[in-house]
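Asks: All chains should be built: construct the whole structure from the sequences, respecting the hints.
Each chain, written out:
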Amino acid sequence: MGMSRIECIFFSEFHPTLGPKITYQVPEEYISRELFDTVQVYIITKPELQNKLITVTAMGKKLIGCPVCIEHKKYSRNALLFNLGLVCDARTKTCALEPIVKKLSGYLTTLELESGFISNEESKQKLLPIMSTLLEELNATGASTLPIDESNTINLKLIEQRRDPLIVQEYDVPVFTHCKDHFIKSQWDLTTQQILAYIDGFRHIQKISAEADVELNLVRIAVQNLLYYGVVTLVSIFQVMKPSDIWNVSATSPNKVTRLFGETVVRSGAGLCLTPHPACVSGQKRACLRDVFQLYCGLTPGTTVRDLCSRYSQQLQRVDERRLIQYGLMKSLIRRLQKYPVKVLRDERSRPPRLYTGCHSYDEICCKTGMSYKELDERLENDPNIIVCWK
Amino acid sequence: LIGTVLLMGKSGSGKTSMRSIIFANYIARDTRRLGATIDVEHSHVRFLGNLVLNLWDCGGQDTFMENYFTSQRDNIFRNVEVLIYVFDVESRELEKDMHYYQSCLEAILQNSPDAKVFCLVHKMDLVQEDQRDLIFKEREEDLRRLSRPLACTCFRTSIWDETLYKAWSSIVYQLIPNVQQLETNLRNFAQIIEADEVLLFERATFLVISHYQCKEQRDAHRFEKISNIIKQFKLSCSKLAASFQSMEVRNSNFAAFIDVFTSNTYVMVIMSDPSIPSAATLINIRNARKHFEKLERVDGPKHSLHMRMR
Numbered sequence: 001m002g003m004s005r006i007e008c009i010f011f012s013e014f015h016p017t018l019g020p021k022i023t024y025q026v027p028e029e030y031i032s033r034e035l036f037d038t039v040q041v042y043i044i045t046k047p048e049l050q051n052k053l054i055t056v057t058a059m060g061k062k063l064i065g066c067p068v069c070i071e072h073k074k075y076s077r078n079a080l081l082f083n084l085g086l087v088c089d090a091r092t093k094t095c096a097l098e099p100i101v102k103k104l105s106g107y108l109t110t111l112e113l114e115s116g117f118i119s120n121e122e123s124k125q126k127l128l129p130i131m132s133t134l135l136e137e138l139n140a141t142g143a144s145t146l147p148i149d150e151s152n153t154i155n156l157k158l159i160e161q162r163r164d165p166l167i168v169q170e171y172d173v174p175v176f177t178h179c180k181d182h183f184i185k186s187q188w189d190l191t192t193q194q195i196l197a198y199i200d201g202f203r204h205i206q207k208i209s210a211e212a213d214v215e216l217n218l219v220r221i222a223v224q225n226l227l228y229y230g231v232v233t234l235v236s237i238f239q240v241m242k243p244s245d246i247w248n249v250s251a252t253s254p255n256k257v258t259r260l261f262g263e264t265v266v267r268s269g270a271g272l273c274l275t276p277h278p279a280c281v282s283g284q285k286r287a288c289l290r291d292v293f294q295l296y297c298g299l300t301p302g303t304t305v306r307d308l309c310s311r312y313s314q315q316l317q318r319v320d321e322r323r324l325i326q327y328g329l330m331k332s333l334i335r336r337l338q339k340y341p342v343k344v345l346r347d348e349r350s351r352p353p354r355l356y357t358g359c360h361s362y363d364e365i366c367c368k369t370g371m372s373y374k375e376l377d378e379r380l381e382n383d384p385n386i387i388v389c390w391k
Numbered sequence: 392l393i394g395t396v397l398l399m400g401k402s403g404s405g406k407t408s409m410r411s412i413i414f415a416n417y418i419a420r421d422t423r424r425l426g427a428t429i430d431v432e433h434s435h436v437r438f439l440g441n442l443v444l445n446l447w448d449c450g451g452q453d454t455f456m457e458n459y460f461t462s463q464r465d466n467i468f469r470n471v472e473v474l475i476y477v478f479d480v481e482s483r484e485l486e487k488d489m490h491y492y493q494s495c496l497e498a499i500l501q502n503s504p505d506a507k508v509f510c511l512v513h514k515m516d517l518v519q520e521d522q523r524d525l526i527f528k529e530r531e532e533d534l535r536r537l538s539r540p541l542a543c544t545c546f547r548t549s550i551w552d553e554t555l556y557k558a559w560s561s562i563v564y565q566l567i568p569n570v571q572q573l574e575t576n577l578r579n580f581a582q583i584i585e586a587d588e589v590l591l592f593e594r595a596t597f598l599v600i601s602h603y604q605c606k607e608q609r610d611a612h613r614f615e616k617i618s619n620i621i622k623q624f625k626l627s628c629s630k631l632a633a634s635f636q637s638m639e640v641r642n643s644n645f646a647a648f649i650d651v652f653t654s655n656t657y658v659m660v661i662m663s664d665p666s667i668p669s670a671a672t673l674i675n676i677r678n679a680r681k682h683f684e685k686l687e688r689v690d691g692p693k694h695s696l697h698m699r700m701r
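Going down the list, the protein sequences come from chains W and S. In terms of my numbering, the first sequence opens at residue 1 and continues consecutively. In terms of my numbering, the second sequence opens at residue 392 and continues consecutively.
In short, the hints are calculated from the structure, not lab data. Since the structure is predicted, the reported quantities are computational estimates derived from the model, not experimental observations. Hints should not be assumed to be uniformly reliable.
Unchecked claim - Some chain W residues judged to face chain S by a derived CB distance under 8 Å, without partners named:
| id | residue |
| --- | --- |
| 1 | Phe-14 |
| 2 | Pro-16 |
| 3 | Thr-17 |
| 4 | Gly-19 |
| 5 | Pro-20 |
| 6 | Asp-37 |
| 7 | Val-41 |
| 8 | Thr-45 |
| 9 | Lys-46 |
| 10 | Ile-70 |
| 11 | Lys-73 |
| 12 | Lys-74 |
| 13 | Asn-78 |
| 14 | Leu-80 |
Claimed, not checked - Partial selection, computed: residues in chain W whose CB lies under 8 Å from chain S:
| id | residue |
| --- | --- |
| 15 | Lys-21 |
| 16 | Ile-22 |
| 17 | Thr-23 |
| 18 | Val-26 |
| 19 | Pro-27 |
| 20 | Arg-77 |
C-beta: ideal position from N, C-alpha, C; glycine also.
Replies: Following this line, the structure appears as structure tokens:
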């Protein structure tokens, strides 16, 4: 699952005459004397670093802790200093563990303020079994629920960090990566619930916004959220497939296609597996796989759909080309070449081009201006100052 | 001539309390709320205007001490001008205290053999009054013996009386670069105005940095007592948002004038001749100011002294 593994949990304190020391650690003796001496000044710290999350890396280990200072004249030297921290291998990604450490320091602070949990030698001993359990459970399941006493329970969960999603544009088309029915609609927010029905792999954002009667920006944010959690993925606009469309099999795909078919043999019926392939016209299962494979391979650079249709007319009878393309896009098997108009010659006096810069695709321009492909094509073909690039 | 002043001693012996009183305007009672010093606290203290004392107050817990003698040894003990070692007179672990002290001396011998060593036998207020001299003498003998071949100067101190000021005045006195010249000038001044005694205090700490007396007086400890009293008074004034400027105290036997002197000092003049009016003395003091200011400025930039208290 890619979870960061915790090697050790330690509890360190400032003793009035001995100074900083490790009172408990599980497993025992994990932190060597040498390691502690090296990093102790970041474990039991000066006032400036107290109550802050501090990660220090040394001797191949990463120690994440939050030094706590509770000031009160009842304590020897007027303050209680301690730190409950985690140790990982230095190469581990530890962002997900930081909130855990912070939360634990908060729990212990509360316990101490409420009932002197830590300053009382007897109750402090309960820390050891608590730390033991925490280590086990966090490593096994990424979560832990531990009752401490009658009124306090520790609840912890490791939240995995995901990458930030791409910005969703009006001309992007969201499509579910898993079967739509698997999702319990009521668990999602109201906006998402309202647009769910319109996410079909063919409607682009702007269209969804119009048909679902939800403001464009809200639709974008909702879909971005779904994208973050991997519930949907984005494909490009698929209007009526035109004969002149060029679909390019993406450079990495030959292996993918092979692998894909390999997978099919092993896994069946799960998710978006090829049996039955979504592109298959129902009732014609057996011929399907080979046809689909041939069709994908037929999408060589520069091949237009027209070419494809003429070469593989037989296969296309059994295959829904829309779904074929959609699936290919989702799995990054194929890639659509887009047209980007660039204004190359212009009057010194006229304004710089807004959309014809080579950075905006036909999809985007059509979406923004409301023109259809055909209209845009006609307009651009008649303009000698504009050339169109495919990329 | 850049050295450091190490302030060292077992945990809880009173190092941070002392430096807070002398350099940070704490009164003795305030020191009760101080926390433990974590590792080394560095402070730069301005003294006499252009002197900078690099004070290193070293936490005395075992873990820290071990580190000072091992991984931090060079960093701590090199370039030391003064070592101030504090002993808690009530300590139950005399052997351990001595062991740490000797480790310090060892490191000093290796790294800064010319450093001056001061031993403060502290918290004397906890000892019965009639026992104090005896106990201090014993400790002093032991320490002198243990410190050989290094020489150490011992003081008995407490934050609750003037002995604190005596010790620190003596220590700081060692570090003032032009102190002989200062004393000569002070003597001249005193003799001209026919004063019995003249004291020069550092402005912020009120430590006596120079003095002149024309004859012996009864109370040998009067200097530090004055430091203590005036400092307390000065702090009380500032708590009322007033700043202490000057004072005149008179009785049938003498008149004492305490006033701001140069930008970095206060002066105290004692006159026992009743025929000399206050005004005369005050004018004399005012006229002397310029001369002493000049003295300070001339010597100023050359002498930046860094004291590290470890």
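Asks: Look at each hint and say if it fits the structure.
Replies: Against the structure, the hints come out as follows:
1. For W:Phe-14, the suggested interface contact is upheld, since its CB lies about 7 Å from the closest CB of chain S, less than 8 Å.
2. For W:Pro-16, the suggested interface contact is upheld, since its CB lies about 7 Å from the closest CB of chain S, less than 8 Å.
3. Evaluation of the W:Thr-17 hint against chain S yields a held restraint, the C-beta minimum of about 5 Å falling below 8 Å.
4. A least Cβ separation of about 3 Å between W:Gly-19 and chain S falls short of the 8 Å threshold, and the interface hint therefore holds.
5. About 5 Å separates the beta-carbon of W:Pro-20 from the nearest beta-carbon of chain S, less than 8 Å, and the hint is met.
6. Given hint, W:Asp-37 at the interface with chain S, holds; its Cβ is 7 Å from that chain's nearest Cβ, closer than 8 Å.
7. For W:Val-41, the interface hint holds, the least distance from its beta-carbon to any beta-carbon of chain S being 6 Å, beneath 8 Å.
8. This hint holds: W:Thr-45 has a C-beta 7 Å from the nearest C-beta of chain S, less than the 8 Å allowed.
9. The criterion of a C-beta within 8 Å of any C-beta in chain S is met by W:Lys-46, whose closest approach is roughly 5 Å, and the hint holds.
10. The beta carbon of W:Ile-70 is not positioned within 8 Å of any beta carbon in chain S (closest approach about 11 Å), and the interface hint is therefore violated.
11. The closest approach between the C-beta of W:Lys-73 and any C-beta of chain S is roughly 7 Å, which is under the 8 Å cut-off, so the hint is satisfied.
12. Of the supplied interface hints, the one on W:Lys-74 is violated, with its beta-carbon coming no nearer than about 12 Å to a beta-carbon of chain S, more than 8 Å.
13. With a cut of 8 Å, the hint placing W:Asn-78 at the interface with chain S holds, because the nearest CB-to-CB distance is about 5 Å.
14. Taking 8 Å as the C-beta contact cut-off toward chain S, the hint placing W:Leu-80 at the interface is violated, the least distance being around 10 Å.
15. Satisfaction of the interface hint for W:Lys-21 is found here, the shortest Cβ-Cβ separation to chain S being roughly 7 Å, below the 8 Å cut-off.
16. Restraint check, W:Ile-22 versus chain S: the minimum CB separation of about 11 Å is more than 8 Å; hint violated.
17. The restraint placing W:Thr-23 at the interface with chain S is violated, with a minimum CB-CB distance near 13 Å, outside the 8 Å limit.
18. Contact between W:Val-26 and chain S, as hinted, is not supported at the beta carbon level, the nearest pair being about 22 Å apart and thus beyond 8 Å.
19. A distance limit of 8 Å between C-beta atoms decides the matter here; for W:Pro-27 the minimum to chain S is near 22 Å, and the interface restraint is violated.
20. For W:Arg-77, the shortest C-beta to C-beta distance to chain S is roughly 4 Å, which falls under 8 Å, so the interface hint holds.
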